[in-house]
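Visitor: Sequence:
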Amino acid sequence: AEVKTSKISNNIRFLTINVTQICNLHCSYCAAGGDGTFGDSIAKISIEKTLPQIKFFLDRLPAGLSFNVSFLGGEPLLYAEGLELIANYIADIAPERKVNYTIITNGTLLTDKNVDLLARMKATVTVSLDGPAEINDRMRPTKNGASSTEMIVKGLNKVLARKSEFSHVMIHGVFDSNNMELAKAYEFYSQFNVDSYDFSFSVSDNNPRATQAYMEQMTQVAAMAYARGGEVALRKIRAFEQHFQSLDQQRRTENYCGAGKSFLMIDARNQIYTCPWDVNEKKEQVGQGTELNEQALAAYQKPILEQNKCENCWARFLCGGGCMFAHKHSSGSKNVKDTQFCERTRFLVALALIYYERCRSAA
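FYI, in the working numbering the residues of the sequence shown are 1 to 363.
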């Protein structure tokens, strides 16, 4: 079969927008300043400034290409009205454009009204949940230290009761040195009829013991999933789905993400960055409003594999060079690789290859 390379065009098709920089939870591993603010507490983005920004990017996008908007925070549903205003505006100015909406939410504010809104947007809904209550309440407590799990489960069930009205529903867990209970989380997640699960290692944890525990737990999770439902159950886990897709399509990846190429981030002050985790890092800013720093963006145009000198890594075409923020957090530079990140990634690729061979041999 012909091997294809996924080329990322330099058209900005993906925008993440911080509609708020406040949160009603206080997650133990929060990389957004510890409280969802990124060190800059802002209750609501300026819609008056945001709508012209969106038009700026839409006007630059060639006809026929889809536009993708992700809502982030803080907790974006603290300003649900902002989501609605943005979606209505895009529908008014670009009715012919295919637009995909995603929200990443802590799930505590999935009221009937908010679920109605997200259903009208046919959104992809990602709910953050780190496991059963005894784990999740420790990792993701409310601001006053109370339980959040009951609220999250209630909201998630409201979404799942109308699942056909959404593009995709995912549960996302973050795991670090203080919580490596991935197998328990998988068992807990399995009661919910979601489309997928994501088991992320915290971007701010560089503990080698945690890396080892994560790999051991992912081995266990993969075995549990395969025993439960073979390839179908295994591919509900995001990492395996991504690798299986690449292998099926014989597609190699040169970029872990589209940062600075097809993707940009707008914070609640309408400042522009290439990564959601760079908010409030002035030296990482690449624009403001409808002004882009083309010189700063030029540094992102080479494939990440080239920038990070990954040519000798056997897993490079299923990794794409790794997360630049994780690299920067570990090494101080986006292009000096985090060895722990690389170890975890190579392990997951190898695990996916083992199960891919097993699934294809059984077919």
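Source of the hints: derived by calculation from the structure; they are not laboratory data.
Any given hint could be a false lead.
[What the hints assert, rightly or not] Here are the simulated DSBU-like cross-link-like pairs (lysine-lysine), alpha carbons at most 30 Å apart as the crow flies: (1) K4 x K49; (2) K98 x K122; (3) K283 x K302; (4) K184 x K44; (5) K44 x K282; (6) K143 x K55; (7) K44 x K4; (8) K143 x K4; (9) K282 x K328; (10) K302 x K282; (11) K98 x K143; (12) K98 x K113; (13) K184 x K282; (14) K302 x K98; (15) K113 x K163.
Quick caveat, the model's predicted, so the values are computed rather than measured.
Visitor: Give a verdict on every hint.
Guide: Outcome of the hint check:
Distance hint between K4 and K49 is unfulfilled; the C-alpha atoms sit about 40 Å from each other, more than 30 Å. Restraint check for K98 and K122: the C-alpha separation of about 12 Å stays at or below 30 Å, so the hint holds. Distance restraint check for K283 and K302: the Cα-Cα separation of roughly 20 Å lies within the 30 Å cut-off, and the hinted pair is therefore satisfied. About 36 Å separates the Cα atoms of K184 and K44, which puts this hinted pair outside 30 Å; it is violated.
Restraint check for K44 and K282: the C-alpha separation of about 20 Å stays at or below 30 Å, so the hint holds. The suggested pairing of K143 with K55 is violated, with an alpha-carbon distance near 36 Å, which exceeds 30 Å. The straight-line distance between the Cα atoms of K44 and K4 is roughly 43 Å, outside the 30 Å bound, and the hint therefore fails. At roughly 48 Å between alpha-carbon atoms, K143 and K4 are farther apart than 30 Å, so this suggested pair is violated.
Among the hinted pairs, K282 with K328 is consistent with the structure: their alpha-carbon atoms are about 15 Å apart, no more than 30 Å. At roughly 23 Å between alpha-carbon atoms, K302 and K282 fall within 30 Å of each other, so this suggested pair holds. In summary, the hint linking K98 to K143 is not supported, as the alpha carbons are separated by about 38 Å, beyond the 30 Å threshold. With a C-alpha separation of about 24 Å, the suggested pairing of K98 with K113 holds against the 30 Å cut-off.
Distance check on the hinted pair: K184 and K282 sit about 40 Å apart at the alpha-carbon level, beyond 30 Å; violated. For the hint linking K302 to K98, the alpha-carbon distance of about 28 Å falls within 30 Å, and the restraint holds. Taken as a hint, the K113 and K163 pair is honoured in the structure, with Cα atoms around 16 Å apart against an allowance of 30 Å.
Violated hints, listed in ascending order, are 1, 4, 6, 7, 8, 11 and 13; each of the other numbered hints is respected by the structure.
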